[in-house]
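J.: Protein chains in written order, with my numbering: chain F, 1 to 300; chain L, 1 to 65.
Since the hints were made in silico from the structure, they are not lab data. The model shown is predicted, which means the values in this text are computed figures rather than measured ones. Please note: incorrect hints may appear among the correct ones.
Said to hold, decoys possible - Computed cross-link-like contacts, DSSO-like style, restricted to lysine-lysine with a CA-CA straight-line distance of at most 27 angstroms: (1) F:Lys178 with F:Lys122; (2) F:Lys178 with L:Lys46; (3) L:Lys45 with F:Lys7; (4) F:Lys193 with F:Lys124.
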Amino acid sequence: MILIISKNNEITTTEVIKWLIVMNKKFIRVHEDEVFEINTLKKRILLKSYRNQFFIDEISAVWYRRGGIVFKTLNYQNQAIDRYMFEVQHWLIDYVIKSLEGKRHINKQSNSHLNKLLVLEKAKQIGLDVPPYFLAEDMEDVIIDQTIVKPITGTPIVDHIQENQNGIMYTSVIEQKKESSFFISFFQEKIEKDFEIRSFYLNGKVYSTAIISQNDEKTKIDHRRYNSKIPNRNVRYKLPAEIEHKIDLLMQSLDLNSGSVDFIKSADKFYFLEINAIGQFLGMSEACNYDLEREIAAYL
Amino acid sequence: MERKAKDVIIKEENKLPLTFEYMEFFGSKRSDNLDSGSSPYLKCKKYQTEFHNRQVLYKAMTRML
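Take these sequences, add in the hints, and give me the full structure.
T.: Here is the structure:
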């Protein structure tokens, strides 16, 4: 039985599930609103939520896609007992999560949310080219039209920032100096790109797509400012073996076996930007006929 | 800076990262109400989701070739 930790509204999960069904592989899909109780039955550990129940020993593989397995914890009136039972429950939950992560898996709940700053440092250590970057609370070191600002969070989206509105923070070029200071922000040298590359890494294999975004004013700086009327051309691309090897080293150093890795190609250099362990890959899979959904289903 | 971004920032006592000044806004007009006739989603037991896309997806040319 394959355990898929996902969200209810997650199309990528559904596309992989279609292949699991074709391959006759049984699965359980866990949604983000499920809260599990840990029980025992005939010496076996049983996890139970409002819509699922399974023994951890019947799980053969785990795919961490989104959300997370959440557990119910009990509180007690006596403070000393409450502190003691907090630890008891903590170790049980830790045991369950680590047991599941010890099985055949694609990514893990415990490490799929990456610190982008640490990843950049690791990428440099491994020998990937990284555009120079710095953190600052003012624009003293910013060079107009040559410096970009981008978020350090996993997602650039701020849900429900206003009624019926979400906010999104694309990578933006600084075109004007600002006198006042701000919360620590991430700045990076703007690289004149030939094109962008999104690579999907899965267990040592790298599937790359060149995103020809630089010819369109709308997508020039951030290809995610999609131009739905004239979409960017996405084509299959093969990174040099040396770069693929460094990607492999980087992912292994982060204990990840799956994720999207973003690059900018500029002349003969490939600049590493970031990794998204749980990012979207359906678009590139379809555009380039990579069948990544099938690859994932086959591995699980 | 988009005006909406300014409205959001002004209300905050503490400073925000510069990225907020470049924030763009978008909203969804689609209904997530699964009982609504206009919802693009269906409940699907087979795929264990309540958000199975109702629309029939076209096959990309590359998949047909």
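J.: Now tell me, hint by hint, if it's right for this structure.
T.: Here's how the hints hold up against the structure:
A C-alpha spacing of about 32 angstroms is found between lysine 178 of chain F and lysine 122 of chain F, which places the hinted pair above 27 angstroms, so the restraint is violated. Note on lysine 178 of chain F and lysine 46 of chain L: the hinted pairing is violated, with a Cα-Cα distance of about 54 angstroms set against a maximum of 27 angstroms. At most 27 angstroms may separate the alpha-carbon atoms for a hinted pair to count; lysine 45 of chain L and lysine 7 of chain F meet this at roughly 15 angstroms. Taken as a hint, the lysine 193 of chain F and lysine 124 of chain F pair is honoured in the structure, with Cα atoms around 19 angstroms apart against an allowance of 27 angstroms.
In summary, the numbered hints that this structure violates are 1 and 2.
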